[in-house]
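These protein sequence lines are chains Y and X, in that order. Numbered continuously in numbering that gives the first Met the number 0, the first sequence closes out at residue 264. Numbered continuously in numbering that gives the first Met the number 0, the second sequence closes out at residue 192.
Because the hints were derived from the structure by calculation, they are not lab data.
Each computed DSS-like pair below joins lysine-lysine, with the alpha-carbon atoms no more than 27 Å apart: (1) Y:LYS137 - Y:LYS257; (2) X:LYS38 - Y:LYS247; (3) X:LYS25 - Y:LYS247; (4) X:LYS68 - Y:LYS207; (5) Y:LYS247 - X:LYS27; (6) X:LYS25 - X:LYS38; (7) X:LYS25 - X:LYS179.
Stretch-level coverage of chain X by chain Y, calculated; a stretch enters the list once three of its residues show a Cβ under 8 Å from a Cβ in chain Y: (8) 32-43; (9) 87-95; (10) 126-134.
Just so it is clear, CB atoms sit at the ideal spot from N, CA and C, and this is done for glycine as well.
Take a look at the letters that make up each chain.
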Amino acid sequence: MKNLSCLLLAGTVLFGSEYAVAAKSKCDFSQNSTDASTGVRTVQTDWDPLVTITMGSESEAYGSFSVISRGDQKLLAVRLDAMDYVPMPAEFAVHEDPTWDPAHRDFLDSLLGDAVIFPEGLSLRLDLDDQTSLELTKTDYQRVRTNYARPGESPKARTGQQKIAKGVMGFLAKRAFGADEVTEELSPHYTVMTRVVLEYPIDSASEKILSRASVTSMRIESRDRYYTLGWRSTKDQVFSWNKKSYLKIRDALQCVNKEIGQGGS
Amino acid sequence: MKIIITLLVLIAASIGSADAWAAKCKYKWETTNYRTGEKVLWTRWIMNRAFYTQGKPYGLVAGVSEGDKKYLSLQLRSPEVRLNHRPSKAEIDAAMVIPEGAKLSVLLGDGTIYDLFAERHIVGDTSFEARADGNYSLVSLVIIRFELDAAALAALNGQKATDLRLHTPGRNYDISFGKKPSDKIQKSLACIL
Numbered sequence: 000m001k002n003l004s005c006l007l008l009a010g011t012v013l014f015g016s017e018y019a020v021a022a023k024s025k026c027d028f029s030q031n032s033t034d035a036s037t038g039v040r041t042v043q044t045d046w047d048p049l050v051t052i053t054m055g056s057e058s059e060a061y062g063s064f065s066v067i068s069r070g071d072q073k074l075l076a077v078r079l080d081a082m083d084y085v086p087m088p089a090e091f092a093v094h095e096d097p098t099w100d101p102a103h104r105d106f107l108d109s110l111l112g113d114a115v116i117f118p119e120g121l122s123l124r125l126d127l128d129d130q131t132s133l134e135l136t137k138t139d140y141q142r143v144r145t146n147y148a149r150p151g152e153s154p155k156a157r158t159g160q161q162k163i164a165k166g167v168m169g170f171l172a173k174r175a176f177g178a179d180e181v182t183e184e185l186s187p188h189y190t191v192m193t194r195v196v197l198e199y200p201i202d203s204a205s206e207k208i209l210s211r212a213s214v215t216s217m218r219i220e221s222r223d224r225y226y227t228l229g230w231r232s233t234k235d236q237v238f239s240w241n242k243k244s245y246l247k248i249r250d251a252l253q254c255v256n257k258e259i260g261q262g263g264s
Numbered sequence: 000m001k002i003i004i005t006l007l008v009l010i011a012a013s014i015g016s017a018d019a020w021a022a023k024c025k026y027k028w029e030t031t032n033y034r035t036g037e038k039v040l041w042t043r044w045i046m047n048r049a050f051y052t053q054g055k056p057y058g059l060v061a062g063v064s065e066g067d068k069k070y071l072s073l074q075l076r077s078p079e080v081r082l083n084h085r086p087s088k089a090e091i092d093a094a095m096v097i098p099e100g101a102k103l104s105v106l107l108g109d110g111t112i113y114d115l116f117a118e119r120h121i122v123g124d125t126s127f128e129a130r131a132d133g134n135y136s137l138v139s140l141v142i143i144r145f146e147l148d149a150a151a152l153a154a155l156n157g158q159k160a161t162d163l164r165l166h167t168p169g170r171n172y173d174i175s176f177g178k179k180p181s182d183k184i185q186k187s188l189a190c191i192l
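Could you put together the complete structure from these sequences and hints?
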């Protein structure tokens, strides 16, 4: 009887794990439609979050990716949520009312319209598990409408961190410090918050590599800086607890190809 | 008596398993180059010290085999640099640049120095963060490969590497390995032969 129970239990566990794997590899699409006027069909996979571990004290970029087939073109789309810290120019006081100072107003306008720009020709570097990298290039100019928090103000877009602070880490922090509430450390800089979807065309040579490769992390280039998303375990020994943490770009590409009838398993 | 026998058995088992572990080669990456189709092996990274401390470079070494070629790979994290201004992209790009042919001097256990040369020009990944004091800090990370010919492999397998000095145009980086990491480097290189 005991043996039978053990067999049943083992069978259930095996079946369960198989089911879980099958469910994970299921193809989900956020868009699968044909434009009535142009006849262009667009197939886009669901957004897949990129887990990001950074070397610094706080993660400044979060994101997710999706693979798109639009007509004859394939694209890798990256949704980036990032924070940037811009110093307060010395000539302006933090709490000064900018209404009467055109230079101060110009500075604040520049934070909204010109702080984060992705010109054409900039790269998205994908790091592969064979320790090489693949670069996709942006073909359009993209200016991002940003939002900002003044020095000492709480940035509203820090949702990811707020969730952590309220969840397990918040509980642990409360236990450790005996505080009723976990207070956020406020930046002495202007915090510029960016939310943007970037699209990078995938040419046939890159698609050939991406359909086989495991991508471990990505680096997005903007006019003024780089944003790193994904596991840094390929490079950083400190965080290399799981060497099988890949971004599922290969799977998403296979899903799109299967849906549009270009093979894929 | 029973306790002594149990202890002896346990000690023998632990020594045996340690030997077995030492003899076994473990790889961090065991894959294929997606462009060339050549087999790629990276041994596990060996750290020069256990923890990252500010102001000192942090180095890790691995043995790499790709097709017929063998390499010593150095992962270097530069010491944190503090700036009183937001770094420009040009500053980020220039923070760690390793030119092709950059020299890595390897100090061996017998006191001799063996020079290796960087396989290609490489720009490190540099990240910056805003600090609570209003300043910024820069940290760079780079992985450099140094090809090992037959003579270099023989030298590094014959003697333990104890210290590394990377010569770059801006500055030199010194990384010192203790006895245990030196042993591990030698074993790693044996694993890519």
